[in-house]
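Protein chains in written order, with our numbering: chain A, 10 to 432; chain B, 10 to 432.
These are computed hints drawn from the structure, not numbers from a lab.
Since no wrong hints were added, every one of them can be taken at face value.
Because identical chains share one entry, a pair is satisfied inside a single copy or across any pair of copies.
Straight-line distance between alpha carbons at most 25 Å, and here's what the computed PhoX-like set of lysine-lysine pairs gives: (1) 303 with 97; (2) 303 with 263; (3) 142 with 427; (4) 135 with 98; (5) 98 with 303; (6) 421 with 42.
Protein chains: 2
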Amino acid sequence: MAELVGNLLVAQSGGPTAVINASVAGVVQEAGKHEFVEEIYGGLNGILGILNEELIDLNDERAKTIEGLKHTPAAALGTCRYKIDFKKKPEQAAKDMDRLFEVFQAHNIRYFFYIGGNDSQDTAHKINEEAVKRAWDMRIIGVPKTIDNDLPHTDHCPGFGSVIKYNAATVMEVACDVGSMATDDGACCIIEVMGRSAGWIAAGTILARRKPSDAPHIILVPEIALNETAFLAKVKETVEAHKFCVVVVGEGVKNAAGEEIGVDKKNLDAFGHPVLGGAAEHLAELVHGKLNLKTRTVKLGYAQRAAAHFASETDVEEAAACGAAAVKAAMDGKSGFMVKLVRVQNNPYQWTTGLQSLADIANVEHFMPREWISEDGFTPNELFVEYALPLVAGQLKLPTENGLPKFVTLDKNPVEKKLPARS
Amino acid sequence: MAELVGNLLVAQSGGPTAVINASVAGVVQEAGKHEFVEEIYGGLNGILGILNEELIDLNDERAKTIEGLKHTPAAALGTCRYKIDFKKKPEQAAKDMDRLFEVFQAHNIRYFFYIGGNDSQDTAHKINEEAVKRAWDMRIIGVPKTIDNDLPHTDHCPGFGSVIKYNAATVMEVACDVGSMATDDGACCIIEVMGRSAGWIAAGTILARRKPSDAPHIILVPEIALNETAFLAKVKETVEAHKFCVVVVGEGVKNAAGEEIGVDKKNLDAFGHPVLGGAAEHLAELVHGKLNLKTRTVKLGYAQRAAAHFASETDVEEAAACGAAAVKAAMDGKSGFMVKLVRVQNNPYQWTTGLQSLADIANVEHFMPREWISEDGFTPNELFVEYALPLVAGQLKLPTENGLPKFVTLDKNPVEKKLPARS
Numbered sequence: 010m011a012e013l014v015g016n017l018l019v020a021q022s023g024g025p026t027a028v029i030n031a032s033v034a035g036v037v038q039e040a041g042k043h044e045f046v047e048e049i050y051g052g053l054n055g056i057l058g059i060l061n062e063e064l065i066d067l068n069d070e071r072a073k074t075i076e077g078l079k080h081t082p083a084a085a086l087g088t089c090r091y092k093i094d095f096k097k098k099p100e101q102a103a104k105d106m107d108r109l110f111e112v113f114q115a116h117n118i119r120y121f122f123y124i125g126g127n128d129s130q131d132t133a134h135k136i137n138e139e140a141v142k143r144a145w146d147m148r149i150i151g152v153p154k155t156i157d158n159d160l161p162h163t164d165h166c167p168g169f170g171s172v173i174k175y176n177a178a179t180v181m182e183v184a185c186d187v188g189s190m191a192t193d194d195g196a197c198c199i200i201e202v203m204g205r206s207a208g209w210i211a212a213g214t215i216l217a218r219r220k221p222s223d224a225p226h227i228i229l230v231p232e233i234a235l236n237e238t239a240f241l242a243k244v245k246e247t248v249e250a251h252k253f254c255v256v257v258v259g260e261g262v263k264n265a266a267g268e269e270i271g272v273d274k275k276n277l278d279a280f281g282h283p284v285l286g287g288a289a290e291h292l293a294e295l296v297h298g299k300l301n302l303k304t305r306t307v308k309l310g311y312a313q314r315a316a317a318h319f320a321s322e323t324d325v326e327e328a329a330a331c332g333a334a335a336v337k338a339a340m341d342g343k344s345g346f347m348v349k350l351v352r353v354q355n356n357p358y359q360w361t362t363g364l365q366s367l368a369d370i371a372n373v374e375h376f377m378p379r380e381w382i383s384e385d386g387f388t389p390n391e392l393f394v395e396y397a398l399p400l401v402a403g404q405l406k407l408p409t410e411n412g413l414p415k416f417v418t419l420d421k422n423p424v425e426k427k428l429p430a431r432s
Numbered sequence: 010m011a012e013l014v015g016n017l018l019v020a021q022s023g024g025p026t027a028v029i030n031a032s033v034a035g036v037v038q039e040a041g042k043h044e045f046v047e048e049i050y051g052g053l054n055g056i057l058g059i060l061n062e063e064l065i066d067l068n069d070e071r072a073k074t075i076e077g078l079k080h081t082p083a084a085a086l087g088t089c090r091y092k093i094d095f096k097k098k099p100e101q102a103a104k105d106m107d108r109l110f111e112v113f114q115a116h117n118i119r120y121f122f123y124i125g126g127n128d129s130q131d132t133a134h135k136i137n138e139e140a141v142k143r144a145w146d147m148r149i150i151g152v153p154k155t156i157d158n159d160l161p162h163t164d165h166c167p168g169f170g171s172v173i174k175y176n177a178a179t180v181m182e183v184a185c186d187v188g189s190m191a192t193d194d195g196a197c198c199i200i201e202v203m204g205r206s207a208g209w210i211a212a213g214t215i216l217a218r219r220k221p222s223d224a225p226h227i228i229l230v231p232e233i234a235l236n237e238t239a240f241l242a243k244v245k246e247t248v249e250a251h252k253f254c255v256v257v258v259g260e261g262v263k264n265a266a267g268e269e270i271g272v273d274k275k276n277l278d279a280f281g282h283p284v285l286g287g288a289a290e291h292l293a294e295l296v297h298g299k300l301n302l303k304t305r306t307v308k309l310g311y312a313q314r315a316a317a318h319f320a321s322e323t324d325v326e327e328a329a330a331c332g333a334a335a336v337k338a339a340m341d342g343k344s345g346f347m348v349k350l351v352r353v354q355n356n357p358y359q360w361t362t363g364l365q366s367l368a369d370i371a372n373v374e375h376f377m378p379r380e381w382i383s384e385d386g387f388t389p390n391e392l393f394v395e396y397a398l399p400l401v402a403g404q405l406k407l408p409t410e411n412g413l414p415k416f417v418t419l420d421k422n423p424v425e426k427k428l429p430a431r432s
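If we strip away everything but chain A, and leave its shape as in the complex, we get (with noise of 0.2 Å):
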């Protein structure tokens, strides 16, 4: 293993979950073990941050603040969705790139680690293979982080656990309500959540369902085409089993035609923007409209992400070990790798990290496996379960102050310029 002395960075990318802010917290205090790593950097907003040499130190935070990311929602050292794309603009991407080495170099970067889904492996990657092409003497390690547990080859995500366990009470409470009401006031109540492409988050709220009649009574997930007929047919005969239904849809869920239900094609905004619609939206005109239910909808968008209150616990320490692991792999020699969680056993559920070089990852999108749903693609099935439960098992213990969430926020020192501003 060759000593290599030098800095850190760590950067955030991609939407936020409940726990990227422990995979910082991970990366940070196990680096404070390693002699090697001087100075421990943080990059504002991701990749763009980096780009302007907008770097923060890291050390200079309270160690009680480092602690505190473990319950803190959201990227507290910011996030983006900028993109180094050789694809589509292969002139910018080779200027980024450039940009990129002068402040590592600048910097004296060694350690990188990007932490964020798809996209960020993608460009951690890519960073990978420059840094190698530009005998620059550095190890660049991908931390996962997707709500949407979408990245291939890795067990499942962290920021997953807490989304369905969020999703999940939601759905019981709702459920609670929905119920109590059904016989003079019912009937239908359509709960939307994220994922576009991958159904995951949907499915996740099966966990409510601790007996048949349970809700969620139905859950369309993006990988299976939404046959309106059936729906409505599934809808109706729900009421008329229990007084009430509640549907769980996935917000990326698409008609026979590959259209998102959700958008409003047809209906633009003075830019000529689709307007905002949303899939519970459309499925509650189909429902009132078709079957003269009442219907009501809510619509969790950014709260189920970001749900700290309820976070699982397994989650938090899962987000933190992928921290903790991207750093000893790199203290170990290794670059070029993304952490993932590997399932050791279910019942009681072990799990441990392990590494998977970044080229198996990068752009890869992770689907439901068809075998994990039922039939008549209305309900993940028991496979699925045994996978999900035991993400969701324990809770994030969140400090309150006036019994409102205490969250900690960054000094955010920043580390002195050397370059010229970004051109």
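Since the structure of chain A is already known, use the hints to place chain B on it.
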């Protein structure tokens, strides 16, 4: 004090809350201490179930189930929106009242507790007047319940503290999320909360703001007509200052013409109902269309009023105490009152219960005082904060199973019917 020996009936009415069952627990646990109370019955689905002689034996439930009602959201007995309406349907109302007293007499009901909001207190009031008129010796006490917090004479309503606690936590978490995405992906998130005519619930999210720059940046309440121009200017100013803007909107916000902004009257479905829209979607289209800002919506809907997983312990205690106080008042010979919450002092918060004549309560709506809202109408001020803050203190201890809430359900052993079916 007259010794009145007989049976007790408790029922729930109107929209459920996270703590309405705690009031049932309070009634049952207190009633158990009094020897004059023979049987303790629950009426299913409010007044509607009582008309149908659908009574259950609450003394037959396990003690731990009754205690578990304190952490179980929504109406465990079922609820209804059915109204005995002497104004609009005098014949039906007279018939209903006759039937009601047939049920009371058949089951020797001498104590009746109705847990609900404005309409329900009106019903309790009418039943009390009828009991006097019919010389049926009976004691009727209303127990307050409504997330809307719009009952008069009570300092606040059980259910309100929990809904604003959950909503404020959600605003804090969504603000972390939107704020961390703002640089690259901003910029505006609009959160729709309940409250058709009063703005208490929307106002309660101000508790999320610990320093002036914190979200929510704008709170729109139904009491103040929306000025779109001023609203858009405020959003623009906020995004310029903080790079993002979190807006909370009460579902019943109206424009200057007094029309709800969330209702699209031009767009009717097959049954002639206006297509469901929503205040948040309307505002998102406005912000997106006029300011070209990326705008996302969250619509908490039923999730907010059922959110036992983040309910206020203070609220639970007060709801249970209101149930117990109702029984104590009835044992004390009182009838025709609603229990109210009385604030003894802030800092430290102390409260007690009192009684108010049902005649003073029925059909009066209590709105936000104008002097509790900032001059520009966009935020509740420190007077409101002082009022609301104690109500969210403490967190309900929620038992879990496999990481998800463990709610109780009543066995609902039916009381044998003694009457012919309702005609």
